[in-house]
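Listed here are the chains, written in short residue letters.
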Amino acid sequence: MKRLSTFLIYALLILGSLVMFFPFVWMFLTSLKPFAEIFELKVWPQAPTLDNYREVLFKTQFPRWFLNSLIVAGITTLSVLFFDSLVGYALAKLRFPGKGLIFVLILSTLMVPTEMLVIPWYVMSTEYGWSNTYWGLLFPGVISAFGVFLMRQFFETLPTDLLDAGRIDGLSEFGVFWRIAFPLVRPALAALGIFTFLGNWNAFLWPLIVVQTADMRTIPVGVALFSSEAGTAWNLIMAASSLAVLPVLLVFLFFQRQIIEGVVLTGVKG
Amino acid sequence: MKPPEPAQRRVSLATREALWAFAFLAIPLAFFLFIRIWPAFQALWLSLFDWHADPSKRPFVGLEHYEQMLQDRLLLKALQNTLAYTLLGVPLQLLLGLGIALLLNAVTRFRDVFRAIYFAPYVTPAAAIAWVFSWMLSPNFGIVNEILSVFGIPPQPFLTKPSQALATVTMIVVWQNLGFQVVLFLAGLQNIPRDYYEAARIDGASNWQLFRHITFPLLNPVMVFSAVIGTIGFLQLFTQVVNLNFTDQGGPLGSTLTLALYIYQVAFARFELGYAAAITVLLFVIILSITLVQLRLLSRRVEY
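For the record, the sequence lines run as chains E and U. Going left to right, the first sequence walks through residues 7 to 276 as my numbering numbers them. Going left to right, the second sequence walks through residues 1020 to 1323 as my numbering numbers them.
Stretch-level coverage of chain E by chain U, calculated; a stretch enters the list once three of its residues show a Cβ under 8 Å from a Cβ in chain U:
| id | segment |
| --- | --- |
| 1 | 18-30 |
| 2 | 41-50 |
| 3 | 114-121 |
| 4 | 138-148 |
| 5 | 226-235 |
| 6 | 260-267 |
So these bits of chain E aren't anywhere near chain U, every CB distance computed over 10 Å:
| id | residue |
| --- | --- |
| 7 | R9 |
| 8 | L38 |
| 9 | D57 |
| 10 | I77 |
| 11 | L84 |
| 12 | G106 |
| 13 | L164 |
| 14 | T166 |
| 15 | D167 |
| 16 | L168 |
| 17 | A171 |
| 18 | G176 |
| 19 | I186 |
| 20 | F188 |
| 21 | L190 |
| 22 | P193 |
Hint data in this document are derived by calculation from the structure and do not stem from the laboratory. Positions of the beta carbon are idealized from the N, C-alpha and C atoms, including for glycine.
This is chain E alone, in the form it adopts within the complex:
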């Protein structure tokens, strides 16, 4: 009985895993097929080829889109990690007038949906000449209210004595933050960093609005617009999709423990 139910549980889990993983497999297999083969629906490519990848990589600006995504997600992540910790630290460990109000003010921004902000951001970007620039792509995300909340939670758990020791040793307040407090909240930083990076790497709505020329597209926007022009060349579309999806999957495979623990850390505690 016990053995039977264990067997059933594993059977269900494996079936579910197939459903979860198959789209990636099919994407990859299609991307290796020449155009003539894709409508035949044979599982394995009969004459596997890298031509689709060659076409996407060299006939579009895909490498540039990759670089754009890297720049936007990278700078945003560094900025979020630094500023969100700074604010979280100030809110958790420093005494100053108006602290409660400032915290509520920052948290209240979480309730405003992005859709409401993109129109004023668009107006702003056109007025200040930010549209179609890196700054235009990344300015909405350089600080995150959720991250402030998260970092404040973590800084609150640090013993104040530890920070006082640094102050007695003559460190400035910034020194105390940077040299003592910041390194101690590394798990929270890792979680926040990973999710900020992924969120920006996968972002679609704002990049679609703010980018006007092909050379400024990020990967999701580039792949979407490329695919919409490719018609029924699903082999090319799947090669483009693979190029967008596989790097993320690889990173996920390497860091899956940290990433999943990060969800738990931010979701359950935060």
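On the provided structure of chain E, position chain U as indicated by the hints.
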């Protein structure tokens, strides 16, 4: 610099701390005020004007856009669809997430491997994933219809027919979000102390009673959290809908149109930025109401 007198020093220490705090907060506060808070009010303000590229021709129209919303059949369609997505997607996502988490919690071997497989879609770019699904679900050449035919099921139109498109999009979104729910639920399950189950078992409780009286109530906070995150996500559904039917976004026949997509189309295809801003205010009100309901539900925490 000479050290100040002790009495003065106490005062200046507090002042110094406050000054440091404001130095830390200066840039972030400017960001929140100008990039997050001011634009929210600006959206409200924009909704009272008719938008034209030429700043001198932006007439004040008062609440006209809000009246326009009452007559807008496409908006009504988008609202109905968004509601349907949410009512279909959130419970499905919670049930499947809970089910898989319970299965994972019951096994010991390969648990991390399964967890990683279920979670993987969550980290991948939704735009690219949508293209993969539109290929797999292609009515004539899609692998899904091919698999169905093995079981004797006739080919389905999926995204190409209004009666199936919305449900199909929902499934794809659930597929991508599921891992997030599984991970949260699994963590929630593992937080429940083993002794509770052992004590209840000694008292002769059945498996169903254990679930009904221990697991379910203690998982409540996680469920409320997941439900709210899921709801807000479905209310803002955009990327998948756009990419699953790129040449007829929101189609066929508006059957997959969402509120967020409609806002995007009004603002950036019709360039009626004022009217679009008015619709974003509506979206804000909807999300705010749900957040408030969440806060009420969350305040009824179960004590461990």
